[in-house]
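Here are the chains, one letter per residue:
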Amino acid sequence: MKTLQDYIDKLNSLNFKEMYENDFFLTWEKSDAELEAVWTVADALRFMRENNISTKVFESGLGISLFRDNSTRTRFSFASACNLLGLEVQDLDEGKSQVAHGETVRETANMVSFMADVIGIRDDMYIGKGNAYMHEFMEAVTQGNKDGILEQRPTLVNLQCDIDHPTQSMADALHIIHEMGGLENLKGKKLAMTWAYSPSYGKPLSVPQGIIGLMTRMGMEVVLAHPEGYEVMPEVVEVAKKNAEKSGGSFRISNDMADAFKDADVVYPKSWAPFAAMEKRTNLYAEGDSDGIKALEKELLSQNAQHKDWCCTEELMKTTKDGKALYMHCLPADINDVSCVDGEVEATVFDRYRDPLYKEASYKPYVIASMIFLSKFKNPQEILKKLEVKKAPRIFE
Amino acid sequence: MKTLQDYIDKLNSLNFKEMYENDFFLTWEKSDAELEAVWTVADALRFMRENNISTKVFESGLGISLFRDNSTRTRFSFASACNLLGLEVQDLDEGKSQVAHGETVRETANMVSFMADVIGIRDDMYIGKGNAYMHEFMEAVTQGNKDGILEQRPTLVNLQCDIDHPTQSMADALHIIHEMGGLENLKGKKLAMTWAYSPSYGKPLSVPQGIIGLMTRMGMEVVLAHPEGYEVMPEVVEVAKKNAEKSGGSFRISNDMADAFKDADVVYPKSWAPFAAMEKRTNLYAEGDSDGIKALEKELLSQNAQHKDWCCTEELMKTTKDGKALYMHCLPADINDVSCVDGEVEATVFDRYRDPLYKEASYKPYVIASMIFLSKFKNPQEILKKLEVKKAPRIFE
Amino acid sequence: MKTLQDYIDKLNSLNFKEMYENDFFLTWEKSDAELEAVWTVADALRFMRENNISTKVFESGLGISLFRDNSTRTRFSFASACNLLGLEVQDLDEGKSQVAHGETVRETANMVSFMADVIGIRDDMYIGKGNAYMHEFMEAVTQGNKDGILEQRPTLVNLQCDIDHPTQSMADALHIIHEMGGLENLKGKKLAMTWAYSPSYGKPLSVPQGIIGLMTRMGMEVVLAHPEGYEVMPEVVEVAKKNAEKSGGSFRISNDMADAFKDADVVYPKSWAPFAAMEKRTNLYAEGDSDGIKALEKELLSQNAQHKDWCCTEELMKTTKDGKALYMHCLPADINDVSCVDGEVEATVFDRYRDPLYKEASYKPYVIASMIFLSKFKNPQEILKKLEVKKAPRIFE
Chain A
1 MKTLQDYIDK LNSLNFKEMY ENDFFLTWEK SDAELEAVWT VADALRFMRE
51 NNISTKVFES GLGISLFRDN STRTRFSFAS ACNLLGLEVQ DLDEGKSQVA
101 HGETVRETAN MVSFMADVIG IRDDMYIGKG NAYMHEFMEA VTQGNKDGIL
151 EQRPTLVNLQ CDIDHPTQSM ADALHIIHEM GGLENLKGKK LAMTWAYSPS
201 YGKPLSVPQG IIGLMTRMGM EVVLAHPEGY EVMPEVVEVA KKNAEKSGGS
251 FRISNDMADA FKDADVVYPK SWAPFAAMEK RTNLYAEGDS DGIKALEKEL
301 LSQNAQHKDW CCTEELMKTT KDGKALYMHC LPADINDVSC VDGEVEATVF
351 DRYRDPLYKE ASYKPYVIAS MIFLSKFKNP QEILKKLEVK KAPRIFE
Chain B
1 MKTLQDYIDK LNSLNFKEMY ENDFFLTWEK SDAELEAVWT VADALRFMRE
51 NNISTKVFES GLGISLFRDN STRTRFSFAS ACNLLGLEVQ DLDEGKSQVA
101 HGETVRETAN MVSFMADVIG IRDDMYIGKG NAYMHEFMEA VTQGNKDGIL
151 EQRPTLVNLQ CDIDHPTQSM ADALHIIHEM GGLENLKGKK LAMTWAYSPS
201 YGKPLSVPQG IIGLMTRMGM EVVLAHPEGY EVMPEVVEVA KKNAEKSGGS
251 FRISNDMADA FKDADVVYPK SWAPFAAMEK RTNLYAEGDS DGIKALEKEL
301 LSQNAQHKDW CCTEELMKTT KDGKALYMHC LPADINDVSC VDGEVEATVF
351 DRYRDPLYKE ASYKPYVIAS MIFLSKFKNP QEILKKLEVK KAPRIFE
Chain C
1 MKTLQDYIDK LNSLNFKEMY ENDFFLTWEK SDAELEAVWT VADALRFMRE
51 NNISTKVFES GLGISLFRDN STRTRFSFAS ACNLLGLEVQ DLDEGKSQVA
101 HGETVRETAN MVSFMADVIG IRDDMYIGKG NAYMHEFMEA VTQGNKDGIL
151 EQRPTLVNLQ CDIDHPTQSM ADALHIIHEM GGLENLKGKK LAMTWAYSPS
201 YGKPLSVPQG IIGLMTRMGM EVVLAHPEGY EVMPEVVEVA KKNAEKSGGS
251 FRISNDMADA FKDADVVYPK SWAPFAAMEK RTNLYAEGDS DGIKALEKEL
301 LSQNAQHKDW CCTEELMKTT KDGKALYMHC LPADINDVSC VDGEVEATVF
351 DRYRDPLYKE ASYKPYVIAS MIFLSKFKNP QEILKKLEVK KAPRIFE
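Protein chains in written order, with my numbering: chain A, 1 to 397; chain B, 1 to 397; chain C, 1 to 397.
Rather than coming from a laboratory, the hints here were simulated on the basis of the structure. Treat the hints loosely; a few may be bogus.
Stated by the list, open to error - Listed below are the simulated DSSO-like cross-link pairs for lysine-lysine, each with C-alpha atoms no more than 30 Å apart in a straight line:
hint, chain 1, residue 1, chain 2, residue 2
1, C, Lys359, A, Lys129
2, A, Lys390, C, Lys386
3, C, Lys386, A, Lys56
4, B, Lys17, B, Lys246
5, A, Lys56, B, Lys391
6, B, Lys56, A, Lys386
7, A, Lys56, B, Lys146
8, A, Lys386, C, Lys385
9, B, Lys386, C, Lys378
10, B, Lys385, A, Lys391
11, A, Lys2, A, Lys385
12, B, Lys241, B, Lys262
13, A, Lys391, B, Lys378
14, A, Lys391, C, Lys56
15, B, Lys390, A, Lys391
Model, not experiment: these values are computed from the prediction.
Can you make the complete structure from the sequences, with help from the hints?
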């Protein structure tokens, strides 16, 4: 069985200095070593929790969460991560707060951060806005810390923006790493990130973008498949291409789901809205054109309806590597005859993969905690060692 | 004055092995020894808090609360219990969460439980649904824990279902035990669980059912009184009958409030909706028949109005044992000329019993904490002893 | 650099015995020594946090917050203060709770306080109601504690009522004290608390009232300026007059903003609603006269509109002491051409003072924590010393 020292040794072999007192916006802004550090600390924290060793490193402090979109698993993952480290979550609910009353981002950012060690933001609804908002927020608290207003500079964890969903893609990657028995085993494996039909409309692009932006770095053969008209952000496509070149893997776009599934080791069929349409919607919202928004919604739903054949069927699964590709999804999935008539996946496929799907999700709290941990401690290895020596039990014994 | 050792000695005399890593659904699913263990640990925890001894047994961990009905006291009791043991409460608010968006119970249960040690659920609105939902939820996390998705299996505390309200009835019982100077003194005492008029409609059945299902076990003479047509669940009536036989007490149903109050040692006058009507309402909701629901509500209100004479008056109180029966209520009560014109109780009666009523409520946080404690520790006596030896103060000194 | 002992020595020179197990309603109900104790402990707690010394004095316990008006900074300040001391915040949201269902204040107060060490209430909307509600609430828990229902008596922190906003004014004062290099330097300084135009309507009176009720105690030359018809509560004007006499400062009312700004050392331009109008609104609400409320709102907005010239302009700022008066605001401010066309302050003025404004706000969490600390410990000096000796790090090291 592994020991904590194994994780510490791994960390000693990696250079992640830059993560200290830094934020986590996009995976492709981080080095390979930094990503590996995130996975290593995530595994170490999980190892410690499984062995009833407390990882409470904060005696007090707040983790501020700001969700501008519904969320169950990300909300609870963030709360779990904060709790695991000793931070208390405070939701900045714009309903309750005066943010709704025209308070500036700069001001709010500082007003909620006097005792905040972490800020988790989910803002994925509007193209060009979410990630920008996070940067605006963090520039404000950085300034506030410089000016002696905030004793500490809170760290950002991007809980999903318009461009990337790093806590999702990093948890997904850690799942694949464990399923394949190690990071080194991903090289050459084929991953199909494909669009799938959903009766609901306007699902964010950040998941497919996050997946192609990350998985292309591990030397995988990544195929992004979608019907014509369902393109993702061109910038992210560029990122994926560059990553693939650098990592010795490959990246291509296909308009054929079967082509993507053929001999795939990993399949990730999921619905999303066309980038162009989301951009259009963003502008309509800005103009407050509600009729335009309704019209766009109607148009998109009928466009979706033309692609009901984009479904993860048993038949398609048979065409994957040994018919046993690892099926992945960020959840919740639209399951045929369960959550809808026609959806992203057939019920029998989903049922067969329920366990791995839940495991996939179970990495997210640890990935978030790891991102916080790495940004808060200059020498995480030393801290992990000290926690092991201290050996305070999580549950009293 | 009592010492902690007294509580530990009592626990040593009881067999409650089965409670370890188990849930609390219904009181009649637990043995007498198990119920006594709950009261003993509740008293022990209260004793320790009163003596500024910290009972924080969790360094980290979440207590998930899921309320499908409004609540003040139960919500705060659960929060207090979790906090007392070191767990942080996270509400699973279906408004905020994606549960509302068709996510399955199984999935949600696992997604919120990655770091959950306790789940508290209140789901009392629909006959045949609440308790079933709790079981579905717990089967999901049990499976998740077996499959290695959840490192720990969270414990369920039933915060009120369609059948029972165990944290209420157990707190009520602990109140009676203290008022009567010991569990052994309940034998032969008469308890009147009676319906009372309320201008509001559709109050849950779980309180009267919980009371007759529990109090019949201590050898009490339990009378359930209500107007014709206000029957409770037949299954629970059966439970009460069997309990009474076994405990050497008695149980009978009367349609006469005065008969129930006559010489009673304890009276519990409270409104509830007829079982049959609640069942009907459940079906109407299932069919989405809002007109039917409105019609039913109207019908029930006029039915209630025929029984305004079912009120806990001074006159009735005079007929109880020495005119001094212990008046009980789960609160809030409908008080004549205070919260309504005609209600469940006369203001002077309520005022005279305010102190005992608040005391009654004050046991709930400790009962909940006790249920959690007993399910989390294989040897609670040892843990209590260690906490006493450690003697960490709750408030720094 | 200061040491913790300096703060302890200062406390040793002050008599604040009465604060132990007491509440904080209004600053003018406290002695000068008690106010100085609040500022001293606030600075001490900040000093300790800056030096990574944990001030967690509660192993468990709840801080109950009850907000009857929107809030960001006060909500987060209260949460931060509770967290800093080890208390977990539980919101008593009247939406979620049964308070909305006619539960009496007395009952609610006890039902939420079984494990509450602190109660923070914001109730500033209705004249004659907010402060009264707080007293009613605290009488209930005091009784509950006497009767053995509550093991501890929670402390009230007034988070803003209809009369005073003590956590704001005390934080404001601490800001001035630090800006001026000591409490003794406030004597003779001119402070202008002036009305300013806002397009929004019905802003609470508690800030201007809190400021004139507090700043007149430090020997300052306080001028309250507003257009005719914008009078504040006469009782508070009386308080301010008496304070000024006693402290050797002065207090006067002016209807001329320029007169107030002339040579001022500190300016606090902020909008508020006329006292008489707020009283009228309270009655209209009581009568449920929504048409009357709409009419009043319209009337007040047009009345405001006649005073758009009441704005904190660069020109006015030039007339202050050396053109460098300390500009203050409780935030959020209505900034010309930023949050509105015409508002309370010109953008260039606001921008120049952003840092001091944020610093001003940053004292609030510490002021609240200090109020809690002083009410919970008989000998705060000893507790501070013990915490320093214990030297538990806030962030693990």
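Notebook entry, point to check: Which of the listed hints are broken here?
Noted result: Checked against the structure, no hint fails, so every one of them is satisfied.
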